[in-house]
Amino acid sequence: GENVEQHPSTLSVQEGDSAVIKCTYSDSASNYFPWYKQELGKRPQLIIDIRSNVGEKKDQRIAVTLNKTAKHFSLHITETQPEDSAVYFCATYSGSARQLTFGSGTQLTVLP
Amino acid sequence: DAGVTQSPTHLIKTRGQQVTLRCSPKSGHDTVSWYQQALGQGPQFIFQYYEEEERQRGNFPDRFSGHQYPNYSSELNVNALLLGDSALYLCASSHDTSGWGAFFGQGTRLTVV
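Sequence order for the protein chains is A and B.
For what it's worth, the numbering used here labels the leading residue of the first sequence as 1, then goes sequentially.
For what it's worth, the numbering used here labels the leading residue of the second sequence as 1, then goes sequentially.
Certain hints may be false.
Said to hold, decoys possible - Partial list, computed: chain A residues near chain B (C-beta under 8 Å):
1) Y32
2) P44
3) L46
4) F89
5) R98
6) L100
Claimed, not checked - Negatives, chain A to chain B, calculated, CB over 12 Å:
7) L11
8) G16
9) S28
10) G55
11) N67
12) S96
13) Q99
14) T101
15) L111
16) P112
Source of the hints: derived by calculation from the structure; they are not laboratory data.
Computed from a prediction, not measured in an experiment: that's the story for all the values here.
For glycine and all other residues, C-beta sits at the position ideal for the given N, C-alpha and C.
Use the sequences and the hints to build the structure in full.
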């Protein structure tokens, strides 16, 4: 089955700096790569996603890049703000497996 | 649009008991997936329901079962509860079985004592 590895597990940045979270996956059939933000005690919230026919997608301060050959994708947050502090999860979806497989999460802390 | 709603929000059960968790999908969504999220970990896929049938199942024992109703709402049942079943149970809905754009509910926090 699919295996998704996410790094780093914790990340602290100064307000205004950029944050990068990386994920690798094993199933070459994976074709959808969402990122979720989960604040303490709240539901995972989809913040951005990318499909396998696209290499990069940007939405304001958030961007995701995908390298299908190397089987890795990354989340980039620019101009970080304290409200960006949360746990971020990457995930992959394989049409054959019909399930989202999540990484282990990254605790992002933005220091004011 | 209330999004995905789950009930109850918190639940305490005794080892060996049975529990039923409920989920109403986001309007326009017909597919429901259930996930277990242990503390400090990512969600783990339990199963997916579409057209009232279980379409896919993760690595969970038969103690975990589910149901989907004609109105697309769903239930997760867990029998013979173990201490290790303590977790946040999340329901996610999507408009088809692709899983793209899955929208999560706020979850049910289950504590087994």
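So, going through the hints one by one against the coordinates:
Checking A/Y32 against chain B: minimum C-beta separation of about 5 Å stays under 8 Å; hint holds. A least Cβ separation of about 5 Å between A/P44 and chain B falls short of the 8 Å threshold, and the interface hint therefore holds. Taking 8 Å as the C-beta contact cut-off toward chain B, the hint placing A/L46 at the interface holds, the least distance being around 7 Å. The closest approach between the C-beta of A/F89 and any C-beta of chain B is roughly 5 Å, which is under the 8 Å cut-off, so the hint is satisfied.
For A/R98, the interface hint holds, since its Cβ comes within 8 Å of a Cβ in chain B; the closest pair sits about 4 Å apart. A cut of 8 Å between beta carbons decides the hint on A/L100: the least distance to chain B is about 6 Å, and the hint holds. With a closest Cβ-Cβ approach of about 15 Å to chain B, A/L11 is found to remain outside the 12 Å limit, as its non-interface label requires. At roughly 28 Å, the least C-beta separation between A/G16 and chain B is larger than 12 Å, which holds for a residue marked as non-interface.
In this structure A/S28 is separated from chain B by more than 12 Å, as the shortest Cβ-Cβ distance comes to about 17 Å. At roughly 18 Å from the closest C-beta of chain B, the C-beta of A/G55 stays outside 12 Å, upholding its exclusion from the interface. Even its closest Cβ contact with chain B, about 20 Å, leaves A/N67 beyond 12 Å, as expected for a residue assigned away from the interface. A beta-carbon of chain B is positioned within 12 Å of the beta-carbon of A/S96; the least distance is around 10 Å.
A/Q99, annotated as away from the interface, has a beta carbon of chain B within 12 Å; the closest lies near 4 Å. A cut-off of 12 Å between C-beta atoms contradicts the statement that A/T101 is not in contact with chain B; the least separation is 7 Å. The beta carbon of A/L111 is kept farther than 12 Å from every beta carbon of chain B, the shortest such distance being approximately 21 Å. No beta-carbon of chain B comes within 12 Å of the beta-carbon of A/P112; the shortest separation is about 25 Å.
The structure does not agree with the numbered hints 12, 13, 14 stated previously, though it agrees with the rest.
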